[in-house]
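K.L.:
Following the hints, position chain B with the ligands against chain A.
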Amino acid sequence: MQVNVTVDGTAHSNEAEPRQLLVQHLRETLGLTGVNVGCDTSNCGACTVHLDGRSVKSCTVLAVQADGHEVTTIHGLATDETTEDGWHPLQTAFHEEHGLQCGYCTPGMIMAAADLLAENPDPSEEEIRDGLEGNLCRCTGYVNIVRAVQAAAAAGNGDGSSVSAHQAEEVSA
Amino acid sequence: MTTTENPIQANVGRTRLRKEDARLVTGRTNFTDDIRLPGMVHMVVVRSPMAHAKVTNVDLTGALDMPGVVAAFSGADLADDAGGLPCAWPVTEDMVAPEHKALAIDEVAYVGDGVAVVLASTAAEAVDAAERVVVDYDPLPAVVDMKAAIADGADLAQSTLDTNVSYRWPLANGDIDAAFDGADVVVEREFVQQRLIPSAMEPRAVVAAPMGVSDELTVWSATQVPHFVRVFLAAVIGIDEQNLRVIAPDVGGGFGSKLDIYAEEILALVLAQKLGRPVKWTETRSEGFQATIHGRDQVQKISLAMDADGRFRGLKVDLLADMGAYMQLLTPGIPILGAFMYSGIYKMDAYDFSCRGVFTNKTPTDAYRGAGRPEATFAIERIVDEAAHELGVDPMELRKRNWIQHDEFPYEMIGTLTFDSGNYEAATARAIEMFDYDGRRAEQANRRDSGGTKQLGIGISTFTEMCGLAPSRVLGNLRYVAGGWEYAQVRMLFSGKVEVITGTSPHGQGHDTAWSQIAADALGVPFEDIIVRHGDTAVSHRGLDTYGSRSLVVGGAALAAACGKVVEKARRVAAHLLEADEDDVEFSDGAFRVVGSPETSMTMQEVSTATFVAHDLPDGMEPSLDSDASVDPDNFSYPHGTHLALVEVDTETGQVELLDYVSVDDVGNVVNPQIVEGQVHGGLAQGIAQALYEGAVYDQAGNLQTGSFVDYYVPGAPDFPTFRTDRTVTPATTNDLGVKGVGEAGTIASTPAIINGVIDAVRHLGVNEVLMPASPRNVWTAIQQAAASGSADSDDAQAAAAVQADDAGPDAAAADNAGQAQHAAGDTGTSTGGDA
Ligand code: FES
Ligand code: FES
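Line by line, the protein sequences give chains A and B.
End of the first sequence = 173 in the working numbering, gap-free, step of one.
End of the second sequence = 1009 in the working numbering, gap-free, step of one.
With the rest of the complex left out, here is chain A (with noise of 0.2 Å):
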């Protein structure tokens, strides 16, 4: 079946068998092997990406159900990911409170929490925890990547800098 769907701002049209992933679509139809796969069971928010702006776990959508529809994935997140000064607030934030150590569970990490913050731009230490409760990390014990949503919040001064960079380019297009 064909698949039309908009990545990281670009359009892409390919094939996809019925019962392949979204995340497999992603990671190995259009290589952006920053959407990782933690488990087999929807558990782990390591595949976590935003379909329309909300967060999903991409391994819990048909390739075929993003026909027609909006994806952004890490790497679709900073407005230029070479440089810090491109990065996502939520970026520079979990680098600055080391909020990660692997990094493996960071890319589905980010997407949940800018999903987060989108919804509720200055939430609570207990919101920010329940908030990602999706999202398993086996390294950081949660507490910097909860200083770092904070950070992040904060720094967001409540301008809707917690959108997407790329979804915020494209509203001001």
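Hints were generated in silico from the structure; no laboratory data involved.
Treat the hints with care, since some could be wrong.
Incomplete in silico selection of chain A near chain B, CB under 7 Å [what the hints assert, rightly or not]:
id	residue
1	41
2	81
3	83
4	86
5	102
6	104
7	106
8	107
9	129
10	132
11	139
12	140
Even for Gly, the Cβ is constructed at its ideal location relative to N, Cα and C.
P.N.:
For chain B with the ligands alone, kept in the frame of chain A given last:
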């Protein structure tokens, strides 16, 4: 904060943000599963759904007919090629172990044991074809429980052996009979260390390719130990070591589970050779639950003999350690690592330890964060609490009476090690202050008096551990086949920039950053001018990798030594060019200066460039500043600390809530405080997870009932509070950096702190033991059992518990699934095997 001031230099001792992060936060990573090579085929392993059976036939024809299939092999097909999995630690001369083939041939011994492989053009095709492989099994009795396994006439977990007991390993010091015979009080307990599933977030994966120079083969593996993988794969497959290159690219956590040589690494490499094309295997998570090593799984019988005033006299430990079905790389040695740690930080006259390694029809166990030491620490810290209760003294007070005083170091402890340094008083004082120990005791007493259903408990753990694995001589004495040294190289480039090569192999620990800090200060070059390379045997040709909190202690010391050699070579060049005597040239802040005329100077970068061009070097001097060093430690390092937990237990439901956790760790000098704190946080989460959330459960037929993240509860962000951490600093004297290692401390300390807290909260109800994980079900059951045996302190409490006895039980909380499953275990269960 400090006992001794941590020496803060330009970089070392300060938080520098991690160099690793830029790739990781933007998704520009290279994990093994991300690798795609031209002509690559995908391998799927067909696994046994039976815990123990004869394999009577493997029919691959159905699979071979499937689209995209390139080849398929049974264990018999590869019998001559694939060799066996190595065990590097035959702990006794007479240890028995079954042959462990990469694919089983005649007999499978656990659910998940590989029996065949299928290779196809895509992973999906390989999965489809693997389902067409037909394997006939003739069931054999499954041995699941260790105590049953050692009973007379027990069924055998391995039919090629005549016993389930692999080895017995003793350690004794002092007159144990005298210690016990003369004791006023003896406390005896049996503790169960439940089986854990490490669950690094990146599943295992391997790519093997017949590419490289001449006959070279390259293996990328999600491993902590690329150097081990190279040595052992070459040996077991019969490849010349120089023709094998092993690369650990980005690795998404390990915690010991990637400190191994796995069947799939052997198979991928053998089949890449055989087919002449790259072979890739990526574990599915549920497959990994069966096929990646598990941790812990020990039964500890421990007794502590004391004088009436609470002075410890002697300790006996009789340990049963579940090996699982086979010996993996370090399986038999894990409980032995614990053997040295059972006496903890305490002084006593005698110690008697004995361990039996037992085979069962379950996934093999091996190193899991702490590896033997968390189990030992749990046992001693738990029994000290029980002893305090028995003596009627505060558990902290009993610890103080028995621990090694700060002015007694170096101290030869009863477990035969020499603790070089420590200050238990200082760490404890700081923890008590942060925690408000007395205030909380008062709060606890108020709650007791109020007679409510939410009771408070205070959990203590004053732990130490042996880190910095390891002195090679000691390892040799313990019959470990490798050494424990580490390697570093410093390459001074033309431009004055620096490449650092390390033999350690990080997978989240931040070595790129910490090693840059060390080299920057030692060489006087900017932090940003340094790149750290690792994890590729062609770049870092020597090394013994990352595990056992060894990287900084041994690998960092090697780097410091290599940097020292660079400085000495550079001093000679500088002296020559500055026309001064070498003895008159000082090196500080990145520059060589002539004593007495400080304006006459050269920077390290200038010397580096001058050496590279080599136009004017001292006579006979080699035109290179590059230096390397291999460092073998004389002793382990001994981090320690005091951890305090405040827990609230609902006496009606058994629900435990962790309200506060304070840890004060002494890991010696620190290179990067932020990284150290992160290691503590992660370690705490894993140790608390053992105490409260996790447990692998098998049914009587040997099926893993907690076979995915659905049934095995890896805790998430809502399951923890924000930990409060601090440090004291008592530098190690066993390495030049004064560092002790921090990777495992949190995990080792926290499990007993939590369980001591849980029991402290319900001790007045007569509870003195709770099975881990302390799920609502397990805690509720302990309260009911105590009530039934009438051991509660007061009639009130007994009545409160009795009301509950008629209830059907607590509601199943989400976090309780491991505990629930534990109680559901026992009947037939369905097969969880056969997934490809
Ligand atoms: S891979 Fe999607 S939730 Fe784990
Ligand atoms: S940083 Fe390793 S799993 Fe989160």
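K.L.:
Each hint needs a verdict: does it hold in this structure or not?
P.N.:
So, going through the hints one by one against the coordinates:
no.	hint	in the structure
1	41	holds (5 Å)
2	81	holds (4 Å)
3	83	violated (9 Å)
4	86	violated (9 Å)
5	102	holds (3 Å)
6	104	holds (3 Å)
7	106	holds (5 Å)
8	107	holds (5 Å)
9	129	holds (4 Å)
10	132	holds (5 Å)
11	139	holds (5 Å)
12	140	holds (5 Å)
Hint violations for this structure: numbers 3 and 4, all remaining hints satisfied.
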